[in-house]
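Visitor: Each chain is listed here by its residues.
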Amino acid sequence: MPQPVAVTCADVQRMLDAFVDTELPPPLLLAVARHAAGCPPCEASIRELTDLREVLCGAIDQELETVDLRQVWPAVCRALERQRTAVPRAWPGRRVAVWGGLVAMAASLAMAVGLWNGRRPVEHAPVVASRPTPVVTARAELRNRAAFDRLWGRGIEVKREPKAGTTVVWVSHVASTRD
Amino acid sequence: MGRTATLLGMLAVCSFSVSAEERAAEAQPYDTVRIQVMAIAASNVGTCDPQVAFLRPRLRRVLNYRSFRLLSDTWRDVAWQDTAAFALAGGTRLMLLPKGREAQQVVLQVRLLDGRRALVDTVVRLRNQGYMVFGVERDPSAEEALLVVLRAED
Chain H
1430 MPQPVAVTCA
1440 DVQRMLDAFV
1450 DTELPPPLLL
1460 AVARHAAGCP
1470 PCEASIRELT
1480 DLREVLCGAI
1490 DQELETVDLR
1500 QVWPAVCRAL
1510 ERQRTAVPRA
1520 WPGRRVAVWG
1530 GLVAMAASLA
1540 MAVGLWNGRR
1550 PVEHAPVVAS
1560 RPTPVVTARA
1570 ELRNRAAFDR
1580 LWGRGIEVKR
1590 EPKAGTTVVW
1600 VSHVASTRD
Chain A
347 MGRTATLLGM
357 LAVCSFSVSA
367 EERAAEAQPY
377 DTVRIQVMAI
387 AASNVGTCDP
397 QVAFLRPRLR
407 RVLNYRSFRL
417 LSDTWRDVAW
427 QDTAAFALAG
437 GTRLMLLPKG
447 REAQQVVLQV
457 RLLDGRRALV
467 DTVVRLRNQG
477 YMVFGVERDP
487 SAEEALLVVL
497 RAED
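Those sequence lines, one after another, are chains H and A.
If you use the numbering used here, the first sequence corresponds to residues 1430 to 1608, in order.
If you use the numbering used here, the second sequence corresponds to residues 347 to 500, in order.
Just chain A, with the same shape it has in the complex:
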């Protein structure tokens, strides 16, 4: 019985220490926002990449492309008020700065750059876990475009 009591005591101590650690972890500020940036090549040639097939119906409703190919998919935890840069295909870069949260929206300052030249500069309110798309028409004759899907998860 003495051994059982010791065992129970040890278990109780363990459970209390784990609870304390969990409380300490909760007390830490959750000071980052998870950003996902997908680079997608859009065209009218070839089949759709299964990895981005879930986007296809929505993209097809607004864009005149039927084939989408995933070029890169990057996830990053970015601190609020901190700048993050994402290198994309063809020298395109996406720079963003999470400014803050308002209701269920994440406010992001976003710059899309072609080399050093800014293509888009915006402050956008994106719904938490929602996404938006930047499209850059590379060459109309080639009927190709680069799509940049931006998603924020607070």
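If we strip away everything but chain H, and leave its shape as in the complex, we get:
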């Protein structure tokens, strides 16, 4: 049975970042955790750094939610289409290396394959005809918005997260155990 690693406050301060990022080897992680459990200053340091990290992650997450990348692929497709339909240059003459021709053909083949792969057919699913759908704007807040045509359940509650519109259908314990 391996002996537990002993660490001091100075060790903990030195390994603080790596500990919070769980980048330490398991014995050291355990040692730091053990030390912090009995050392309020070190525990406070860890807690402070963890909170800071959460705040930063939250801020980054919020920023990411506002980025709208939906126009990227259409723009790429348009650019590829322009490239594909562009008028080729005049053949420079017989002295062009044969391998140049081969490379050009391989490139056009790769481009054609890429274009076909990129164009995913989208018109085959059944279309549900019913009430008109509100226009979906480009706002990132609506990314996870869900709308209910019908919703049944005993004592359920619908919650919506404001940022991305994430919808939660909540079934409480009392409701779920009732006959």
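Since the hints were made in silico from the structure, they are not lab data.
Take the hints with a grain of salt, since some may be wrong.
Not close to chain H: a few residues of chain A, all C-beta gaps over 12 angstroms, as computed [stated by the list, open to error]: (1) Ala-387; (2) Leu-416; (3) Ser-418; (4) Thr-420; (5) Trp-421; (6) Arg-422; (7) Ala-431; (8) Ala-435; (9) Thr-438.
What the simulated footprint calls covered on chain A by chain H, stretch by stretch (three residues with Cβ under 8 angstroms from a Cβ of chain H suffice, anywhere in the stretch; the number is not a length) [said to hold, decoys possible]: (10) 379-385; (11) 399-408; (12) 463-473.
A virtual CB, placed ideally from N, CA and C, is assigned to each residue, including glycine.
Given chain H's structure and the hints, the job is docking chain A onto it.
Guide: Frame of chain H, contents of chain A only:
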């Protein structure tokens, strides 16, 4: 030169045949929707599972839990108008039927079952590649809940 011409000819034939295959593949109906179902245990004990850390900020805004642990993550291509069942933790099951597409939304009929008993029965319009969550409070005293994250990608 003759060998080079033969090589060029073969390459041209190959490129045409590949293009034909690609066209044929495109002509096939894309008749499934990709469904992802994640079962997550939510509690106030322990740390957050890194696999579901990206969900944590959103979940924390509406739920009183701070620790989330991934129990299962299932991806399945489900045919339109076909029923699919997902077995989750603790005898909970999610049954769904993709009904169709409307604008940028995927219309799904969803039933959440506890054994044979229906907890939720709904027809929901989910934004393409968006997700929603079903939460089942297992035991209020234990401060634990089962979260079912449903995502549809058309």
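Visitor: Decide, hint by hint, whether the structure agrees.
Guide: Verification of the hints:
no. : hint    : in the structure
1   : Ala-387 : holds, 15 angstroms
2   : Leu-416 : holds, 16 angstroms
3   : Ser-418 : holds, 19 angstroms
4   : Thr-420 : holds, 19 angstroms
5   : Trp-421 : holds, 17 angstroms
6   : Arg-422 : holds, 16 angstroms
7   : Ala-431 : holds, 18 angstroms
8   : Ala-435 : holds, 14 angstroms
9   : Thr-438 : violated, 10 angstroms
10  : 379-385 : violated (count 1)
11  : 399-408 : holds (count 7)
12  : 463-473 : holds (count 10)
Hint violations for this structure: numbers 9 and 10, all remaining hints satisfied.
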